[in-house]
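Position chain U against the provided structure of chain S, taking the given hints into account.
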Amino acid sequence: MDDIKRLLIVDDEETLTFSLYQTFINVPVECEVLTASSGEEALARLQEGHFDVVITDIAMPGLNGIDLLSMIKSRTPDTKVILITAYGSDEREELAYQKGAEKYIEKPFDLHEIRDLVVNLLS
Amino acid sequence: MTSKIKKQKQIFSLLNNRFANLLEVNDPDTAFGYKKAEASSEISEQNLLINKVYNFYKSIIQNMNSGLIAADLEGDINFVNQPAGKMLDYSREDLLQKNIYDLFSDDEESQKCLRLLFLPGKKIDDKEVKFKKKDNSKILVGLNISSIHDENNNFDGIVMLFRDLTEIRELKLQVERMERLALLGELSAGIAHEIRNPLAGIKASAQILQDGVDNDKLQHQIVDRIVREVDKANRLLKEFFKFAKPTRPNLKFHDIELIIEGVHLLLKSNFQSKNIEFKTEYETGLPQIFVDDTQIEQVIINLFLNGIDAMQKGGKLKIKVYKKELSVLENARGSSGNPNGKLDYVILQIIDSGKGIDKKNLEKIFNPFYTTKVDGLGLGLSICSRLTQENGGKIDVHTEVGNGTTFTLALPAFVHN
Chain S
7 MDDIKRLLIV DDEETLTFSL YQTFINVPVE CEVLTASSGE EALARLQEGH
57 FDVVITDIAM PGLNGIDLLS MIKSRTPDTK VILITAYGSD EREELAYQKG
107 AEKYIEKPFD LHEIRDLVVN LLS
Chain U
27 MTSKIKKQKQ IFSLLNNRFA NLLEVNDPDT AFGYKKAEAS SEISEQNLLI
77 NKVYNFYKSI IQNMNSGLIA ADLEGDINFV NQPAGKMLDY SREDLLQKNI
127 YDLFSDDEES QKCLRLLFLP GKKIDDKEVK FKKKDNSKIL VGLNISSIHD
177 ENNNFDGIVM LFRDLTEIRE LKLQVERMER LALLGELSAG IAHEIRNPLA
227 GIKASAQILQ DGVDNDKLQH QIVDRIVREV DKANRLLKEF FKFAKPTRPN
277 LKFHDIELII EGVHLLLKSN FQSKNIEFKT EYETGLPQIF VDDTQIEQVI
327 INLFLNGIDA MQKGGKLKIK VYKKELSVLE NARGSSGNPN GKLDYVILQI
377 IDSGKGIDKK NLEKIFNPFY TTKVDGLGLG LSICSRLTQE NGGKIDVHTE
427 VGNGTTFTLA LPAFVHN
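In order, the protein sequences belong to chains S and U. Remember, the working numbering sits 6 above the position in the first sequence when you count from 1. Remember, the working numbering sits 26 above the position in the second sequence when you count from 1.
Pulled out of the complex, with its shape left as it was, chain S reads as follows:
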């Protein structure tokens, strides 16, 4: 079981979560893909078990992606966090990297690019 990697996708945009889920269940890395539609739901999942990679949106009702990133980093620093956002702001990007984000990606992104990045992190 230890070899199976775990990926969590967090976004309140259902279509995007679905597309990302479909992409990652078909990557050539043995990996368990879970989704959450809010920061709070993501926290609950994180309490249930360790994740290698978390992809999270920033602007969500309730707990936002930046705060979620801080919480993940304080509990499991080795979890890689990719932030995806529809905002175009340099300041937010700077903050994300300061708080330990692996990558900050603006929406709409290239699916192949994010797929390759995650596969690389999981391998």
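It should be emphasised that the hints constitute simulated quantities derived from the structure, not laboratory data. For each residue, glycine too, the CB sits at the ideal point set by N, CA and C. It is possible that some hints are incorrect.
[To be verified] When the alpha-carbon atoms are kept at most 20 Å apart in a straight line, the in silico SDA-like pairs for lysine to any residue are as follows:
#1 K264/U / Y93/S
#2 K264/U / A65/S
#3 K386/U / A336/U
#4 K124/U / L94/U
#5 K109/S / A65/S
#6 K158/U / S117/U
#7 K264/U / Y110/S
#8 K124/U / K148/U
#9 K158/U / F130/U
#10 K264/U / E112/S
#11 K264/U / D96/S
#12 K264/U / F115/S
[Unchecked claim] Partial pick of chain U residues on the chain S-facing surface, computed with a CB cut under 10 Å:
#13 A215
#14 A218
#15 Q233
#16 A259
#17 L263
#18 F267
#19 R274
#20 K278
[Claimed, not checked] Every beta carbon over 12 Å from chain U, so not counted as near; a handful from chain S, in silico:
#21 L49
#22 R51
#23 Q53
#24 H56
#25 F57
#26 K79
#27 K86
#28 Y110
#29 L128
Chain U alone, transformed into the frame defined by chain S:
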């Protein structure tokens, strides 16, 4: 004319002559016709005191920032101070020949204003009216009028105090525009965010479909178009963000000449292909401007391109650069030791000989998405306005249909935050 008015006019005429003498001769001892050397013994203590008081009031009246005009019961002007003449472009003598009704640009307004005064105890405070200058152009003033009474408390004339509101009005318009743009900026950022989210969903879904179909299949091509269109829409939204939330300017001192010459070099081929003459006129000893050079460069590029677009049949783009002291704009609080709150700005005028802008469209040109071009987004000038504002400057436009347009940028030449 009643004898009372005649008498009053004589007094004022005497007073005005004395003022004229005083303006020419600065030695207070010669005031009131006394020559120190010849008649010093005749000067009584009382006269000296009167002289002192007189000079004190004279100095206040002639050095105040407001115009002051007094008139008799018939409205004939019988006293003016220097700023009044300067504001209206008249000599003191010319104004003394006029009636106050001649000063108002709108007859009805003047009647309304002055009628009020004949009601007991009435006065006018800070009323915005338009006065007529010597060349018949209008000047917006804040006007106060109160009545003068004689020793028996009879209504004896009026005194008008007014200040030039042109600059204040321009600042007010500028602030209003900034507020409107900031609001639109926030709105645009919100909308752009909301649109980019579904775009992300569409693009990701389309790319999944694309991966499942061979490259040469029609479906692949169609999905490929979806992806391309999403990217196109996203590029548009990114422009939005540039307007809504420009990056924080990296403020440093720069030479305006270098920025302008750099932009000219960049657009040289555009000028040549449209047969447009480019001319610059720099005042000597220009101070450096404290701005983000890349952002100001972008503003100037946009304004040059607009000028070029306005001159489809060729023409002349003239650049005039000079220094001017201006009231500090709200967005450029600098540390100033200047007591009148004015600081150095470098003024850059971009004057084209193009078709001009219709008056009714003038206020709209800085609004985002307002455009008269077929292929324009309508963001150019709103970005210019936003970036200028971010750099502590201001942008203004003067135009006349058929006679070209002048964009004026005021850029701070002092450290601000």
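Hint by hint, here is what the structure shows:
1. For the given pair, K264/U sits about 10 Å from Y93/S by alpha-carbon distance, which is consistent with the 20 Å threshold.
2. For the proposed pair K264/U and A65/S, the alpha carbon gap of about 18 Å is at most 20 Å, so the pair holds.
3. Only pairs whose Cα atoms come within 20 Å are accepted, and K386/U paired with A336/U is accepted, the gap being roughly 17 Å.
4. For the suggested pair K124/U and L94/U, the alpha carbons sit about 14 Å apart, so the restraint of at most 20 Å is met.
5. For the given pair, K109/S sits about 16 Å from A65/S by alpha-carbon distance, which is consistent with the 20 Å threshold.
6. Annotation: proposed proximity of K158/U to S117/U holds, straight-line Cα distance about 14 Å (limit 20 Å).
7. Taking the CA atoms of K264/U and Y110/S, the gap is about 16 Å. The hint holds against a cut of 20 Å.
8. Of the pairs offered as hints, the one joining K124/U and K148/U is violated, with about 24 Å between alpha carbons and a cut-off of 20 Å exceeded.
9. The hinted pair formed by K158/U and F130/U meets the criterion: a straight-line CA distance of about 6 Å does not exceed 20 Å.
10. Only pairs whose Cα atoms come within 20 Å are accepted, and K264/U paired with E112/S is accepted, the gap being roughly 11 Å.
11. The straight-line distance between the Cα atoms of K264/U and D96/S is roughly 13 Å, inside the 20 Å bound, and the hint therefore holds.
12. The straight-line distance between the Cα atoms of K264/U and F115/S is roughly 13 Å, inside the 20 Å bound, and the hint therefore holds.
13. With 10 Å as the threshold, the beta carbon of A215/U comes within range of chain S, its nearest partner Cβ sitting at about 8 Å, so the hint holds.
14. For A218/U, the suggested interface contact is upheld, since its CB lies about 8 Å from the closest CB of chain S, less than 10 Å.
15. For Q233/U, the interface hint holds, since its Cβ comes within 10 Å of a Cβ in chain S; the closest pair sits about 4 Å apart.
16. The criterion of a C-beta within 10 Å of any C-beta in chain S is met by A259/U, whose closest approach is roughly 9 Å, and the hint holds.
17. For L263/U, the interface hint holds, the least distance from its beta-carbon to any beta-carbon of chain S being 8 Å, beneath 10 Å.
18. Below 10 Å, beta-carbon pairs count as interface contacts, and F267/U has one with chain S at about 4 Å; its hint therefore holds.
19. The restraint placing R274/U at the interface with chain S holds, with a minimum CB-CB distance near 8 Å, inside the 10 Å limit.
20. Annotation: interface hint on K278/U violated; nearest CB of chain S at approximately 18 Å, more than 10 Å.
21. For L49/S, the non-interface assignment is confirmed: its Cβ lies about 22 Å from the closest Cβ of chain U, beyond the 12 Å cut-off.
22. Every CB of chain U lies more than 12 Å from the CB of R51/S, the least distance being 21 Å, so the non-interface label holds.
23. Taking the minimum C-beta to C-beta distance to chain U, about 27 Å, the non-interface status of Q53/S holds against the 12 Å cut.
24. Under the 12 Å C-beta cut-off, the non-interface status given to H56/S relative to chain U holds; the minimum distance is some 26 Å.
25. Once the 12 Å rule is applied to beta carbons, F57/S is consistent with being away from chain U; the minimum gap is 21 Å.
26. Separation of K79/S from chain U is adequate, the least Cβ-Cβ distance of about 24 Å exceeding the 12 Å criterion.
27. No beta-carbon of chain U comes within 12 Å of the beta-carbon of K86/S; the shortest separation is about 20 Å.
28. Listed as outside the interface, Y110/S is consistent with that label: its C-beta sits roughly 14 Å from the nearest C-beta of chain U, beyond the 12 Å cut-off.
29. No Cβ of chain U comes within 12 Å of the Cβ of L128/S; the nearest lies about 19 Å off, and the non-interface call holds.
Checked against the numbered hints given earlier, the structure breaks hints 8, 20 and satisfies all the rest.
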